[in-house]
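Novice: Add chains G, X and D to chain Z, keeping to what the hints say.
Number of protein chains: 4
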Amino acid sequence: MGSVKRIGVLTGGGDSPGINAALRAIVRRAKPLGLDVVGFRDGWRGAVEDDLVPLGLPDVGGILHVGGTILGTSRTNPFQKDPATGAWTPTAKVDRILDTLKRRQVDALIPIGGDDTLGVAHRLASHGVRAVGIPQTIDNDIGGTDYAIGFHSALAVVTDALDRLHTTAHAHHRVLIVEVMGRDAGWIAILGGLAGGADVILSPEQPFSVGEVREALQRRLDAGRRFSIIVVAEGARPVELGSVPLAAEGRVDAFGHPQLGGIGYWLASELEKAGLPLTPRVTVLSYLQRGGVATPTDRLIATRFGVAAVEFAAAGKYDVMVALHGPRVVAVPLGEALAGCPKPVGPEYLDLARNLGVR
Amino acid sequence: MGSVKRIGVLTGGGDSPGINAALRAIVRRAKPLGLDVVGFRDGWRGAVEDDLVPLGLPDVGGILHVGGTILGTSRTNPFQKDPATGAWTPTAKVDRILDTLKRRQVDALIPIGGDDTLGVAHRLASHGVRAVGIPQTIDNDIGGTDYAIGFHSALAVVTDALDRLHTTAHAHHRVLIVEVMGRDAGWIAILGGLAGGADVILSPEQPFSVGEVREALQRRLDAGRRFSIIVVAEGARPVELGSVPLAAEGRVDAFGHPQLGGIGYWLASELEKAGLPLTPRVTVLSYLQRGGVATPTDRLIATRFGVAAVEFAAAGKYDVMVALHGPRVVAVPLGEALAGCPKPVGPEYLDLARNLGVR
Amino acid sequence: MGSVKRIGVLTGGGDSPGINAALRAIVRRAKPLGLDVVGFRDGWRGAVEDDLVPLGLPDVGGILHVGGTILGTSRTNPFQKDPATGAWTPTAKVDRILDTLKRRQVDALIPIGGDDTLGVAHRLASHGVRAVGIPQTIDNDIGGTDYAIGFHSALAVVTDALDRLHTTAHAHHRVLIVEVMGRDAGWIAILGGLAGGADVILSPEQPFSVGEVREALQRRLDAGRRFSIIVVAEGARPVELGSVPLAAEGRVDAFGHPQLGGIGYWLASELEKAGLPLTPRVTVLSYLQRGGVATPTDRLIATRFGVAAVEFAAAGKYDVMVALHGPRVVAVPLGEALAGCPKPVGPEYLDLARNLGVR
Amino acid sequence: MGSVKRIGVLTGGGDSPGINAALRAIVRRAKPLGLDVVGFRDGWRGAVEDDLVPLGLPDVGGILHVGGTILGTSRTNPFQKDPATGAWTPTAKVDRILDTLKRRQVDALIPIGGDDTLGVAHRLASHGVRAVGIPQTIDNDIGGTDYAIGFHSALAVVTDALDRLHTTAHAHHRVLIVEVMGRDAGWIAILGGLAGGADVILSPEQPFSVGEVREALQRRLDAGRRFSIIVVAEGARPVELGSVPLAAEGRVDAFGHPQLGGIGYWLASELEKAGLPLTPRVTVLSYLQRGGVATPTDRLIATRFGVAAVEFAAAGKYDVMVALHGPRVVAVPLGEALAGCPKPVGPEYLDLARNLGVR
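As you go down the protein sequences, you meet chains Z, G, X and D in turn.
If you're matching positions, the first sequence starts at 0 in numbering that gives the first Met the number 0 and goes up one per residue.
If you're matching positions, the second sequence starts at 0 in numbering that gives the first Met the number 0 and goes up one per residue.
If you're matching positions, the third sequence starts at 0 in numbering that gives the first Met the number 0 and goes up one per residue.
If you're matching positions, the fourth sequence starts at 0 in numbering that gives the first Met the number 0 and goes up one per residue.
So here's chain Z without its partners, still in its complex pose (with noise of 0.2 Å):
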């Protein structure tokens, strides 16, 4: 195994911004160690189909803040899943993927992404790939590192969208409903509901029943407050409902994940019927979650995240997932970040929120 000469990088899953500041500053780490980056595109469809591009200064100029990925992203997967054991076995893509590094002369890859696309990269490794990985999702429930890239400025689409609810539900008397990305976490719903004031926070952590919804909501009528704002992540999952899913069943998004969101909807009919004298109002924000402007702080992580990925591939240190820890970014072994999957909220937020009187 020799050194590296020529990293590849991908951008899979669901989007976030972010990625152009790790892809920008691969690129320009890169330059100063004499490496060369080329980029797939649409993610593993890329190096399935051998589909490339040279990424230099130039390329990566002017992207830094902007949202997306110059490198598209899609759901392909050369690995399938087993429905009855949960077990992946290769697909002939795995060995097109193989090909295409071999005849590019891909030494190294940098994968960037969720579970999805970063299992993909540790299940290659038995294959002989050499990867490591960025950890990229708005939802923040990757194991191994404090935070993803994406999920701040998630946060940050969550809490304005409070503020400006706040504003209008003071004028009335109202109660407004937010419905929140998140998937099997509750980073987005919990954090968001923090930091924009929400009085009620419902998060796939903690189930809930409508009845309890209802008294809280009552007892803050009873307090003389005429407005209150509820969030609820898509994933949140009522105990009325048991198993039954809110999407028709076996209904999954373009990632293969189980299609959520209308659990908003569903709440505010229901607490109508038990008696809750406001009309409730549901705003769902969907993609505005994915888009836009990286925050400062999705910048700074994602950028230290870019150049730790070539350093660590360079330094011949594979199989790894780039991660955050307080104030040092490390390398934590993909198996082990992936085992963690999905990571939940930890009880230092669910105190705070419970401690400050938050449902």
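Keep in mind that the hints were calculated from the coordinates and are not lab data.
Keep in mind the model is a prediction, meaning the values are calculated, not measured.
Quick reminder that beta carbons are idealized off the backbone N, C-alpha and C, glycines included.
There's no promise every hint is true.
Stated by the list, open to error - Derived Cβ-Cβ restraints for the label pairs, each shown as a range:
no.: 1; chain 1: D; residue 1: K272; chain 2: G; residue 2: D58; range: 49 to 57 Å
no.: 2; chain 1: X; residue 1: A314; chain 2: D; residue 2: R224; range: 41 to 49 Å
no.: 3; chain 1: X; residue 1: G60; chain 2: Z; residue 2: T90; range: 30 to 38 Å
Specialist: For chains G, X and D alone, coordinates are given in the frame of chain Z:
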């Protein structure tokens, strides 16, 4: 009819950013003219129930940019509408308003609101009430004026949302649907869609068919575009639905308007049924469009409206509405302005969209 | 003079957000009319040096909201001004422009810029060049139109800055001075100051004395106000200075205008000398006012201007400028528009400030 | 020393966004613990002059996101510094503070501020005052904690400014200089410059020479870059100046710190003298960096700090400062935290800048 000594202001209907700027301007302009200002709480309810507060300079300090209304709002209407004829008849609340004005020596009213709030003011004229209305609604559907307070702030929210969605839509193959407000007018949808670069705009002014939207999206796919963004007004009506409302029959919101909403999810579902090869994702901006900080344009319009309303009142001009005609602020008869509701988007913007290749 | 087949666009002078929206509209409107569009780089320099690029739909994708100009800008002026008489005489560059237009078969020009850029277009008319100008300057000082592209975006920057400063000014006993742009007109200062709630606004339209400002601040101190915010236009002139310029004699900026700036620090120093008991702090917004994302209003104005410019060119209307008159876009003779430069702020806003108790 | 019943809070020094979030958290956490909260006005002045207000839940409603401090701030310091030795000796104001605390039965103090404000708290410990400090300063220069309240909000202002400047710098041939705050530490300059993509960053941590900056700019010109953006900290020191201060000798700001500022204009002038072929333009962000809405990160840090401070006080932990260590909030001895002031930017960010090719 003596000269004015005390002005009563009230803010009714759905709120929007800029109301507080108008309140501030009213108080600041009244002072050098030697006029007192009192504020009724929660729209016409405060006038009915004699619930009012004095408004001096300190009360309007620091509120210039803040959304919402420091006076609160409500749906109280002292007139009753005959569902059959549409005619309005006074209730006992009208007498209570007249009592309040007499007891509190309020010589003139400045109601700030949409067609409901201003409609009350116009009907009260025949009861001897002297009022100068200020048009305020994010829907911008009030006749007789280029713009109402709040529209530009809602426009900014929609435009910003479209900017955000562009970055993420670009990274994926995506159709993103954004449902916006506007009731029976397309101001928010059309001007927001144009400012935000939407590919398809569906508004009440122009009925649409799902097939037509499906074709527009296909043309973009055929031209190699990876994504499309659709803005749909809550009041847009698909020909497929005929006169069947989207929401339950007879349902009304807090202000007595038929409740809208849901068209975004309906459209997504119909497009999938129509064989669109991409899953559309829906964002519902909802009350975000009412909230937040007022834009400079809304603050300037509101400030000019507030100053002019006081001056018209001091000059004995009543049963009028302040209005923006190009660069000038003028007084238009309230009845005339109301007769022009809901004011549709004019051909200059409908043509503009068509000439730019937007559906 | 045959019909138009190819339009050349160029962007000159100081840039501002909204230019790219106009370029996009020009290209999108030209296509269905069967017109080609080419873009000259860096303003008139590109026309002189035959430096141009074809502009098709892909070239203007994704630029709607982006500040700056994809064509670049420069200070090249093919005419020379006689310092004594102020008369302009053509240089050899005029012939080179005529050569370029002929060689490239450019039938009509759409220059986008301020008085310098549009002045060249007007003078070229007598050399047979057919041009439709688009007014663009954050200063909003071009005659014949309510607004130029860029003004509303600069207004938003100033207003946002004043909002920020209010929060911190309120916490301390502070006088904060904000120096803004605008050259010889007070549009940015006065409308920005009104929208941002400044306590004192100093603009070129109304000479001021330091003593007068000192007194206005003292009145606020005496009334118990803890802070004051002053907006001063770079072109505001204190009577104390007479005709002595603030900056070094004869110094000009990249566009040949006398260099302004420094008045903020000068005023802070003079106020301290005059015994103001608070130390004034100075913020210089400078090029922040030119940068960033265009506001919805600027995008709509720019889009309408771009579309109208193409339509006027196609209809054979030349030596005109597109202009906003109230809600309508019209063509005004270029010479007339230029004769109205610099357009001062009108009495409606000067009166407004005075009536609100703002110096 | 009995248990705590009433907590006094105060906010001193330069303010920053996030203080109000901390005040809200303190009040909301104190209530379920059965503790009263009072607020002293204008920092230590309120404690000296017995000027205080009770703080209940309604008092901290709606302030979560608002910049500034509802308690006001001042430069009052009850200790006096010996200019020769740097030692602090108590003045009569210390006794007045002790009297106030006794009379008002305030058992514990939570002072929120920078090294001055917290330094007073530490020195009062030997007079029997029990205090838990909360670090707050946009400069982020307090020892013992990863971050102080306010830093992330200032970072956002600087980053946003750099984004704006990039769009316009790109359109012209320009060198833009942005002067930022930070006193003797480069946190704002370096992290802001990295997040905003500055080409040159000048901070107190690394003395610079004009010649070196001139060369860095020339290298960019030679590489075909049309523009460069320089971030310079107010406390950055050019070797050319030696120990000569930029501002007048002995001048101090309202908080007793040597007055900084002016380095931006100085650098522009020196670069022109050094033959730079582009005229540099200067933006001075000044108090913009203190103002506006707190970012989500600052709100979360402030909320966690407020909650923890109450809990430490209730638990009898005094003469400490709440601090962020990675993801955890801990208590550090106040003396230790103060000994680490001013905390310089660490090598991880200095290296990062160098590795990215930023001066």
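Novice: So, for every hint listed, does it hold in this structure?
Specialist: The hints, checked one at a time:
1. K272/D x D58/G: 49 to 57 Å: 55 Å, holds
2. A314/X x R224/D: 41 to 49 Å: 42 Å, holds
3. G60/X x T90/Z: 30 to 38 Å: 35 Å, holds
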